[in-house]
Amino acid sequence: GAVVSQHPSWVICKSGTSVKIECRSLDFQATTMFWYRQFPKQSLMLMATSNEGSKATYEQGVEKDKFLINHASLTLSTLTVTSAHPEDSSFYICSARDNRGSQETQYFGPGTRLLVL
Amino acid sequence: LAKTTQPISMDSYEGQEVNITCSHNNIATNDYITWYQQFPSQGPRFIIQGYKTKVTNEVASLFIPADRKSSTLSLPRVSLSDTAVYYCLVGAGANNLFFGTGTRLTVIP
Numbered sequence: 001g002a003v004v005s006q007h008p009s010w011v012i013c014k015s016g017t018s019v020k021i022e023c024r025s026l027d028f029q030a031t032t033m034f035w036y037r038q039f040p041k042q043s044l045m046l047m048a049t050s051n052e053g054s055k056a057t058y059e060q061g062v063e064k065d066k067f068l069i070n071h072a073s074l075t076l077s078t079l080t081v082t083s084a085h086p087e088d089s090s091f092y093i094c095s096a097r098d099n100r101g102s103q104e105t106q107y108f109g110p111g112t113r114l115l116v117l
Numbered sequence: 118l119a120k121t122t123q124p125i126s127m128d129s130y131e132g133q134e135v136n137i138t139c140s141h142n143n144i145a146t147n148d149y150i151t152w153y154q155q156f157p158s159q160g161p162r163f164i165i166q167g168y169k170t171k172v173t174n175e176v177a178s179l180f181i182p183a184d185r186k187s188s189t190l191s192l193p194r195v196s197l198s199d200t201a202v203y204y205c206l207v208g209a210g211a212n213n214l215f216f217g218t219g220t221r222l223t224v225i226p
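Keeping their order, the protein sequence lines are chains A and B.
Position 5 (the first sequence) corresponds to 5 in our numbering; numbering is contiguous.
Position 69 (the second sequence) corresponds to 186 in our numbering; numbering is contiguous.
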C-alpha cells in the first residue's frame with residue numbers, strides 16, 4: 001500500500017497559539033487529501049477536503065477561518081489550527097487519495113495528537 | 118452519501134474465523150467498499166477494497182453480494198493482535214469517505 005506521513009506526531013501548546021500539522025504522501029501524488037478529527041472513543045469525523053491548487057472544502061460546522069488548510073503541492077497538505085483552545089484538543093488524522101490503480105484508495109496518516117493547555 | 122451500519126462490538130477466540138458484516142443500502146453505482154483497521158492512537162490502516170463479488174488478499178477476504186447493499190469482511194484465524202476497531206466505508210470520486218461507528222473486535226485468548 002501507499003504511505004502517508006504526518007508531522008508532528010504529537011504537540012502540546014498554550015491556548016491562543018497556532019499549530020501547523022503537515023500531511024505528506026511519500027510514494028505517490030495526491031491531488032486530494034482529507035483531514036479528520038477523532039475524539040476519544042469516537043469515530044473519525046471528516047473536517048475538510050483538501051484539493052491541490054484550490055481552496056479546501058469544509059464540512060458543515062467546521063470553521064474555515066479556524067482550521068486553515070493549504071494544499072500547495074501534490075504531496076503536501078497542511079492544517080493550521082489557529083488560536084487553539086482546549087476544546088481543540090483531539091487526534092487529527094489526514095488521508096490521501098491514491099488514483100494510480102484501477103480503484104481509488106484512501107490511505108491514512110498515523111495521526112497527530114494535539115493537546116491545548 | 119452512503120451510510121454504513123455495523124455491529125458495535127464482537128468477541129472472538131484466538132484462532133477462529135471472524136466475519137463482520139456491514140450494511141450500506143444507499144451505495145452508489147460508482148462507490149467502492151473499503152475496510153480499515155484502527156488501533157488506539159493510530160491512523161486507520163487499509164485492509165481490503167472491492168466493488169463486487171469476492172476479493173481476497175494476504176490478510177482478509179471481502180464478500181459482496183450482487184445487490185452490493187452489504188459486505189462481509191472475513192478475518193481467518195484471528196490472533197490477539199487483531200483486537201482493534203474495524204471500519205467499513207463506501208465512496209469514490211466525489212463521494213468522500215465518511216466513517217460510521219465501526220466494529221470493536223476483541224480477540225480472547
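Since the hints were derived computationally from the structure, they do not count as laboratory data.
Each hint should be verified, as a subset may be incorrect.
So the derived label-pair ranges between C-beta atoms look like this [to be verified]:
| id | chain 1 | residue 1 | chain 2 | residue 2 | range |
| --- | --- | --- | --- | --- | --- |
| 1 | A | S102 | B | Q159 | 14 to 20 Å |
| 2 | B | F180 | A | S83 | 28 to 34 Å |
| 3 | B | T170 | A | T17 | 50 to 56 Å |
| 4 | A | K14 | B | Q133 | 48 to 54 Å |
| 5 | A | T80 | B | N147 | 28 to 34 Å |
| 6 | A | K55 | B | Q159 | 25 to 31 Å |
| 7 | B | Y168 | A | K14 | 31 to 37 Å |
Heads up, the beta-carbon is just placed ideally off N, CA and C, and yes, glycines get one too.
Hints, verified against the model:
1. S102(A) x Q159(B): 14 to 20 Å: Given range 14 to 20 Å: violated, Cβ gap about 28 Å.
2. F180(B) x S83(A): 28 to 34 Å: 48 Å, violated
3. T170(B) x T17(A): 50 to 56 Å: 52 Å, holds
4. K14(A) x Q133(B): 48 to 54 Å: 49 Å, holds
5. T80(A) x N147(B): 28 to 34 Å: Because 33 Å falls inside the window, the suggested range holds.
6. K55(A) x Q159(B): 25 to 31 Å: 30 Å, holds
7. Y168(B) x K14(A): 31 to 37 Å: Roughly 48 Å apart at Cβ, these two residues miss the hinted range, so it is violated.
Hint violations for this structure: numbers 1, 2 and 7, all remaining hints satisfied.
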